[in-house]
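Chains as they are written, first to last, in this note's numbering: chain A, 1 to 220; chain B, 1 to 596.
Rather than coming from a laboratory, the hints here were simulated on the basis of the structure.
Just to be clear, a hint being listed does not mean it is correct.
Calculated lysine to any residue pairs in the SDA-like style (CA-CA distance at most 20 Å, straight line) [what the hints assert, rightly or not]:
| # | chain 1 | residue 1 | chain 2 | residue 2 |
| --- | --- | --- | --- | --- |
| 1 | B | 308 | A | 62 |
| 2 | A | 148 | B | 259 |
| 3 | B | 308 | A | 148 |
Only part of the chain A face toward chain B is listed, based on derived beta-carbon distances under 8 Å [unchecked claim]:
| # | residue |
| --- | --- |
| 4 | 45 |
| 5 | 49 |
| 6 | 52 |
| 7 | 56 |
| 8 | 71 |
| 9 | 118 |
| 10 | 138 |
| 11 | 166 |
Everything numeric in this text was worked out from a predicted model, so none of it was measured.
Each residue gets a CB set at the ideal place from its N, CA and C atoms; glycine is no exception.
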Amino acid sequence: MGGLIQNASTFGPAIDLMFMVVLVMTSVAFVLVEGLLIYFLIRYRARPGQRAVYVHGSRRLELAWTVGTAFALLSLALYQRPTWAEVKQTLPDESTALVIGLSADQFDWDATYPGADGRLDTADDLVAPPNLLYVPVDRPVIVRLQSKDVLHSFFVPQFRLKQDAVPGITIRVWFQATETGEFEIACAELCGLGHYRMRGLVIVESSEAFEARLAELRPK
Amino acid sequence: MTTHTGTATHVTHDHPAAEKSFIQKYVFSIDHKVIGKQFLFSSLFFFVFGGLLAMLIRTQLAWPWQEIPGVGQFVYGNSGNILAPEAYPALVTMHGTIMIFFFIIPILSGAFGNFLIPLMIGAKDMAFPRLNLLSYWFMVPAFFIMLAGFFVEGGTAAAGWTSYVPLSALPDMVPGSGAGQTLWIVSLTLVGTSSLMGAINYITTVVMLRAKGMHMFRLPMTIWALFITAILVLMATPVLTSALILLFLDRTVGTHFFLPSGGGQVILWQHLFWFYSHPAVYIMILPAMGMASDIISCFARKPLFGYKPMVFSIMAIAGLGFIVWGHHMFQSGMNPVLGTVFMTSTMMIALPSAIKTFNWLATLWGGQLRLTAPMLNALAFVSTFVIGGLSGVFAAATPVDIFIHDTYWIVGHIHYVLFGGSLFGVFAAVQYWFPKMFGRMMSDRWGKVHFVLTFVAFNLVFFPMFILGAYGMPRRIADYTSYNFLAPLQSLNQFMTLSAYVLALSQLVLFGNFFYSLFRGQKAADNPWQANSLEWATSSPPPEHNFHAEPVVYHGPYEYSSPEVAEDWLPQNHALDGAGLKKTPTPAAATGAAAD
């Protein structure tokens with residue numbers, strides 16, 4: 001997050017940048033406010049024979065800090081719109097992306113792949129071993145996320161990806177991995193006594209290795 | 001019934017009533033001061049209980065599945081002296097539920113609301129004293145029903161204090177979703193009813209029973225805050241109650257409001273729950289904000305800076321608080337367009353809180369600060385609330401929320417606003433109004449010891465949560481150590497747990513001070529803090545009907561260090577000349593004509 005943990009997806013950098021922008025803005029506010037607080041605590045301690053300033057307010061100051069803060073917040077609101085839209089409101093072209101089914105239940109992740117007919121939810125679908133999600137690197141992937149029982153949440157920290165899995169709804173989530181490797185999945189919505197051990201792995205490989213995986217999953 | 005009887009002074013005779021029995025005086029009392037203290041003591045009990053649950057949570061996070069010497073046998077005897085996996089979600093559920101519904105809301109609204117409102121507005125009691133009695137006595141069965149969950153099969157509710165469906169709707173999904181969840185629902189329905197009774201009483205009392213001269217814009221911030229909080233309670237609580245009833249029906253009679261198998265909508269629960277629970281967080285902070293304003297002004301010996309902006313900011317927070325609930329649901333699967341809508345309203349609500357912070361700072365500027373224990377705690381409220389609020393900006397930024405939602409970033413955020421904010425506010429309020437409530441002073445020295453220990457330990461426990469969240473550590477996970485991306489965080493978690501033990505032990509100083517002072521504290525004068533609001537214009541503690549003569553109010557409560565007054569304070573019921581005490585004007589006094 002903001003560089004703290006590895007990023008391995010295409011929209012990760014935009015999210016990390018957003019984090020840094022907010023961090024800079026809030027740090028400035030933090031230093032200003034806490035600094036003034038500490039300074040005032042020391043500077044204005046009661047001293048015998050002195051009297052406090054009898055002032056009830058200042059219209060000018062109120063206007064200044066209201067407008068200033070509103071401007072900062074509005075800028076932040078506008079700035080973050082495109083990233084949200086890119087991640088949650090758009091999907092890659094389904095005809096070229098890899099479409100995978102991912103079903104969450106107590107307490108594992110079950111991935112399915114289109115079989116020879118090229119479509120999901122048909123009889124020839126390929127089923128991956130539990131808690132493993134194979135994807136090719138550098139290719140857009142659309143996950144059709146479902147839940148069989150209670151709420152779960154598909155969280156892949158190194159992709160900066162999170163989406164609740166909701167019983168009764170199929171939700172499309174997309175990502176494009178930029179590096180090969182193994183990236184952990186953690187469930188991010190309390191789902192019962194096994195919530196803590198609902199760990200999975202996204203295994204990102206080259207296209208050739210990925211195709212070989214699918215071949216292995218096909219019935220002989 | 002009105003108190004505006006026309007004459008400047010109106011003497012009420014305290015008829016020597018028939019001697020009341022112990023039960024009438026202390027158990028089933030209709031006196032708002034007694035009811036306020038009842039709320040105070042039961043809230044403090046649940047503070048301790050909820051805190052102990054937190055210690056169990058922290059212990060598991062530091063040393064997962066290890067037997068706790070001594071304690072393990074007592075607490076986890078049924079599962080081989082160690083925490084069972086199904087017990088961890090139950091712990092976090094009950095910690096949150098108890099702290100929110102049985103500690104923070106009752107102590108702020110129930111204890112301080114009850115005790116202070118009639119006194120600060122110059123009234124004899126609440127508008128509906130018997131309804132007031134009922135509001136406490138609806139809490140008592142709620143206490144027992146909630147605690148009964150620890151003794152039923154399957155244990156307490158374990159679906160989070162947020163009780164998301166289907167986990168909470170289907171008894172088979174986690175053991176606590178059996179009888180425990182039902183008890184949880186019933187208990188909270190009683191709590192909600194109690195709150196509604198209180199809200200009706202507080203609103204009516206503030207509107208109808210203010211003393212002569214106590215115009216709305218002469219009310220102390222404590223009263224404005226409690227008044228607006230009561231409006232929030234009135235409008236939001238019924239939605240939670242309705243949601244609880246629908247959940248109860250889904251669980252017991254086969255309806256499908258929330259269950260997709262019968263055409264129900266899972267996300268509907270979240271909308272209904274958060275429609276109440278977001279205003280609820282303002283119910284938990286606004287009274288503390290009001291009290292902090294009064295305490296800071298008093299101990300800075302300065303008028304509150306920007307009184308009207310402060311009042312309007314509280315109204316803005318309350319109003320906007322009804323249109324931000326979806327920010328808890330950005331990743332829920334609701335339409336992403338709503339994400340943008342709720343992001344916008346959430347960014348807006350940061351504005352009035354920022355305005356309040358600047359006004360608190362400006363109140364300190366040019367003051368003559370008396371750093372008593374209540375003042376230090378009120379300042380801690382401001383400083384930690386700022387951190388809590390700023391950390392919320394990250395979550396409001398929807399792309400960042402994709403990562404930090406349901407991680408420890410959020411746990412850090414909520415504890416900075418709830419512990420840092422509300423709880424330091426409670427510490428300030430308890431020590432400030434203790435003399436008025438009990439007629440004795442608490443030890444200011446031990447109050448400062450408690451403050452330093454608590455402030456340091458609090459930050460050591462909760463600030464690292466932002467680091468944990470930035471690493472992606474999810475909430476409500478009993479054991480994170482088998483995740484490669486989280487295993488390195490164990491030593492930080494252990495440090496936080498040790499700090500939490502220090503934090504818990506530090507509260508013994510406050511409790512020791514509180515209970516010792518109850519019996520042996522120095523007797524308190526009417527107005528030990530030289531404050532201006534009406535509760536200080538009567539004895540400590542007040543007589544049965546609060547004031548020997550109905551007060552008349554001449555100005556607002558923030559006339560500290562007025563150049564026309566010799567002392568640096570001027571009670572609301574003292575005029576500058578004419579009726580009341582005449583004060584000698586000070587020549588060539590303080591600078592700065594008031595520019596309001």
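Hints and how they fare:
1. Straight-line distance between C-alpha atoms of residue 308 of chain B and residue 62 of chain A comes to about 11 Å, which keeps the hinted pair within the 20 Å bound.
2. Restraint check: the Cα-Cα separation between residue 148 of chain A and residue 259 of chain B comes to about 12 Å, which is no more than 20 Å; the hinted pair holds.
3. For the hint pairing residue 308 of chain B with residue 148 of chain A, the CA-to-CA distance comes to about 54 Å; that exceeds 20 Å, so the pair is violated.
4. The closest approach between the C-beta of residue 45 of chain A and any C-beta of chain B is roughly 5 Å, which is under the 8 Å cut-off, so the hint is satisfied.
5. At a threshold of 8 Å, the smallest CB-CB gap from residue 49 of chain A to chain B is about 10 Å, leaving the interface hint violated.
6. Here the hint on residue 52 of chain A is kept, as its CB sits about 4 Å from the closest CB of chain B, short of 8 Å.
7. Checking residue 56 of chain A against chain B by beta carbon gives a least distance of about 4 Å; that is within 8 Å, so the hint holds.
8. Violation of the interface hint for residue 71 of chain A is found here, the shortest Cβ-Cβ separation to chain B being roughly 10 Å, above the 8 Å cut-off.
9. The closest approach between the C-beta of residue 118 of chain A and any C-beta of chain B is roughly 27 Å, which is over the 8 Å cut-off, so the hint fails.
10. Because the closest C-beta pair between residue 138 of chain A and chain B is about 21 Å apart, greater than 8 Å, the hint is violated.
11. Interface hint at residue 166 of chain A: satisfied, since its Cβ lies 4 Å from the closest Cβ of chain B, which is below the 8 Å cut-off.
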